[in-house]
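K.L.:
The lines below spell out each chain.
There are 2 protein chains.
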Amino acid sequence: GDAARGKEISTTCAACHGTDGNSTTAEFPRIAGQHEDYLRQALTDYKAGKRRNPIMAAQVESLDKRDIADLSAWFASQKGLYFKR
Amino acid sequence: GDAARGKEISTTCAACHGTDGNSTTAEFPRIAGQHEDYLRQALTDYKAGKRRNPIMAAQVESLDKRDIADLSAWFASQKGLYFKR
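Residue numbers (our numbering), protein chains in the order written: chain A, 76 to 160; chain B, 76 to 160.
Treat the hints with caution; some may be incorrect.
[Unchecked claim] Chain B is faced by these chain A residues, among others (derived, beta-carbon under 8 Å): (1) A79; (2) A90; (3) T94; (4) P104; (5) Y113; (6) T119.
[Said to hold, decoys possible] These stretches of chain B come out as covered by chain A in the derived footprint (C-beta under 8 Å, 3 or more residues): (7) 101-108; (8) 129-143.
Derived by calculation from the structure, the hints in this document are not laboratory data. Computed from a predicted structure; not experimentally measured. Cβ atoms here follow ideal geometry from the backbone N, Cα and C, with glycine treated the same way.
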């Protein structure tokens with residue numbers, strides 16, 4: 076996917092997952108540095124209802140294959156932050 | 076949870092997710108540095124069948140609350156590696 080375009084359309088995702096995908100609340104998973112294919116598969120499964128989450132179901136409704144690929148590329152290319160426990 | 080004990084019981088998890096949780100195959104999500112509560116919630120939901128995945132369902136069957144808490148602590152405390160795309 077095209078990470079640059081992914082960044083442009085990632086504003087809604089950032090609301091929960093954090094601008095670079097390093098969400099600061101445990102309720103929303105960190106997606107920074109996650110595998111691009113894993114993210115694409117998860118989004119595709121949310122869209123197909125194969126993976127169920129009420130919040131995500133609403134988010135992916137308006138996404139097409141290209142958006143899913145680009146968003147996956149963007150968040151996969153972010154650095155996974157490490158918080159000292 | 077107790078990350079040290081989590082490390083001891085994480086061998087089976089490491090088979091797919093990688094010794095420190097940085098899986099190298101897109102099929103298995105990276106869990107290194109993921110939120111501890113998120114991991115604990117995910118494992119608990121897999122065990123309760125609220126989150127469905129055939130592989131994970133089998134894995135969590137033998138885990139009790141303490142195992143789930145300790146495994147979550149261990150993988151959450153790992154550094155999320157960042158692979159240059």
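K.L.:
Which of the numbered hints above does this structure break?
P.N.:
1, 2, 3, 6, 8
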